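Chains as they are written, first to last, in the numbering used here: chain L, 155 to 548; chain H, 155 to 548.
These aren't lab readings, by the way, just hints derived from the structure by calculation. Any given hint could turn out to be false.
Here are the in silico distance ranges between beta carbons for each label pair [claimed, not checked]: (1) L:Arg229 / H:Gly343: 46 to 54 Å; (2) H:Val408 / L:Asp509: 24 to 32 Å; (3) H:Leu213 / L:Thr225: 28 to 36 Å; (4) H:Ala548 / L:Arg207: 34 to 42 Å; (5) H:Arg313 / L:Arg207: 48 to 56 Å; (6) H:Asp182 / L:Ala418: 39 to 47 Å; (7) H:Asp362 / L:Gly534: 40 to 48 Å; (8) H:Asp509 / L:Asp452: 50 to 58 Å; (9) H:Val449 / L:Arg207: 20 to 28 Å; (10) L:Ala418 / H:Pro415: 55 to 63 Å; (11) L:Arg264 / H:Asp409: 30 to 38 Å; (12) H:Met413 / L:Asp268: 31 to 39 Å.
Computed footprint of chain H on chain L; a stretch qualifies when at least three of its residues, placed anywhere within it, have a C-beta under 8 Å from a C-beta of chain H [what the hints assert, rightly or not]: (13) 213–223; (14) 283–296; (15) 372–383.
What the simulated footprint calls covered on chain L by chain H, stretch by stretch (three residues with Cβ under 8 Å from a Cβ of chain H suffice, anywhere in the stretch; the number is not a length) [stated by the list, open to error]: (16) 188–194; (17) 401–409; (18) 412–420; (19) 423–431; (20) 434–447; (21) 512–525.
Only a predicted model underlies this, so the values are computations on that prediction, with no experimental measurement involved. Ideal placement from N, C-alpha and C gives every residue a C-beta, glycine not left out.
There are 2 protein chains.
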Amino acid sequence: MSELILKAEKLDSADELAGLRAQFVLDDVVYLDGNSLGALPAGVPGRVDDVVRRQWGELRIRSWEESGWWTAPERIGDLIAPLVGAAAGQIVVGDSTSVNVFKALVGAVRLAEDGRDEIVVDATTFPTDGYIAASAARLTGCELRPLDPAEVPGAVGPRTAAVLLNHVDYRTGRLHDLPSLTSAIHDAGALAVWDLCHSAGALPVGLDAHGVDLAVGCTYKYLNGGPGSPAYLYVCSDLQSRFDSPLPGWNSHVDPFGMSPSYAPAPGALRGRVGTPDILSMLALEAALEVWDGVSIDSVRAKSLALTDFFLECVSAYVPEGRVESLTPSAHAERGSQVALRCAEAGTVMKSLIDQGVVGDFRHPDVLRFGFTPLYVGFGDVERAARVLGEVLA
Amino acid sequence: MSELILKAEKLDSADELAGLRAQFVLDDVVYLDGNSLGALPAGVPGRVDDVVRRQWGELRIRSWEESGWWTAPERIGDLIAPLVGAAAGQIVVGDSTSVNVFKALVGAVRLAEDGRDEIVVDATTFPTDGYIAASAARLTGCELRPLDPAEVPGAVGPRTAAVLLNHVDYRTGRLHDLPSLTSAIHDAGALAVWDLCHSAGALPVGLDAHGVDLAVGCTYKYLNGGPGSPAYLYVCSDLQSRFDSPLPGWNSHVDPFGMSPSYAPAPGALRGRVGTPDILSMLALEAALEVWDGVSIDSVRAKSLALTDFFLECVSAYVPEGRVESLTPSAHAERGSQVALRCAEAGTVMKSLIDQGVVGDFRHPDVLRFGFTPLYVGFGDVERAARVLGEVLA
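With the rest of the complex left out, here is chain L:
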């Protein structure tokens, strides 16, 4: 056992990202729930205080121009872009993930060839995507077809308008093969819409390189934007001029202050905007993204895999045989940045873990979920988490 402690120390001292931990507000808890709500970046409180007291309190209405409020959705989109492999000008921030799924799916159906009337949705997805996809299908006269991602290549066809897939499964942590699935979807003549909630900020996505059509994601997990921070929409530049949003609010108008009674969409990513952006949450996110300055997503991915490998190794060593079973694939190519362990009485077990300073979460009915944010989780944290889990299950 002390062998693993020594190994953790060695891994931590060789970790080139270890210094980033100081940019977060952390205590002695092992926080493995960053895949649900990222920890607070240290630069955020001061920035938010400035936004509230000076920008709102003193400049008031002038801040829409002088403090850059109006252009925040596209400016912050451009900060997220390199993290998901997108060139600038293709991402806008705003609204919730659910609302962006709606824009993306209705938009995708309208971009598809005439006569295509089927939306395929990941049957294993976080449920909101399925609910919103059903609504998009109903409103556009499409049929909704839930499929396991593995079935998609054999099932998409001439009726398929769009396919909505999760890059990483929220429950099991399985990473789906975005390049090959996107390619299979394109071969069938359909549009590929990816939900990046559980991958953005944890691993390379390569939106542009793999020809993804549309994508959405949240910013409060691995991007540490804060509770309910705004989500984002990616529309690839080739499609922007034909993107036809079902939520054409005044912020997406080519001349929003012209107050024209007729709608004419803005060019570019701005077309994905809707109403007035929620500035407090948005500018907290902007401050949170500063921790990425100079950090390569490839080094984040390398550390993420090392963390989850080491966690699985420690769990094997510390947890009595047969008490847990990993739902997360062991192959690196199929693993996101979390480990999901099936465990009897998982709810009670997670409560004990939290009481002992190891915070993960529980997913009904029997899953312990541990998320590893490479920016602030170290190998010592991983060893301790597995050790405490072993003690709880002993």
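Fit chain H to the supplied structure of chain L, relying on the hints for placement.
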């Protein structure tokens, strides 16, 4: 002229709401743009700091329960309810006004009798309502019919599913007759959807008393919630069980953490929720609403009318004949809480006003807009604003 200064002093000393000004962060500027972005309530910065540093930074994921994050949309909805004449349990906060207009209109069409296929929209409305109404019409197979509010009673008929009207015109400040228009809409068998952006917090609305079906509004004007603070949706209790949202995100599910692949809506106002609420903006709004504690909306309305009356009186006295023309109705029953003056070179004039510490706004092509928030605008402010306007136009 000094007569008006004396009158202002007298009015200020008799103003029972005058003490509320101390609850806002204000400087020596006369701020008459609260109908665009309300001033900062003094209690907000401390609350936001606590939300960021303690609730997010220390409690992290636990705050969804322990800090009441999860239930904030309906809890804050219940704080807004008395200000718009709604019993508790009918309002949820979240998303932008545009997104809520979409929910309300598609929801209204689905609530209407079968075969009704026309959406009537206020042709004089803030443009986003018209753009979103066009999208709702397109997606539900309805025809969109823009009408002046005065034409509505004679024009609604057996084809009309829903009518979307603005309570107060954003440009002219005209207050529309909500009770009689709602009644005319109901006589035609259609649903009445009201946009309260420019009335909520400035005058009594009486949603329940007048049988309004659905309503939306923003919270950053007279409710002082902060830049882009979340909007709200009212669905009258009688209609809630049949309200069928076009944005059925997981937050509106009857068992959101059951993660069921099939959607089943929550009862009550929660059905209007969509995705994860933006907590920073939302809890800033909650703190902002505390200034309403013990304040009656009737006394706010009385002061608002006294302020706009006095402003028009001072403008008459100070501004050279013929230089401005009020677009705002003189009848109290037709006036919101703003005064719009048509003025040559309005853009340049507003710049000069702002340079001299009187902040209103300019609306293309020739409108000077002055908003009067009774919670923090006094009669001395009003006299000074009109006097500076007179000097600029002299």
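Which numbered hints does this structure break?
7 and 10
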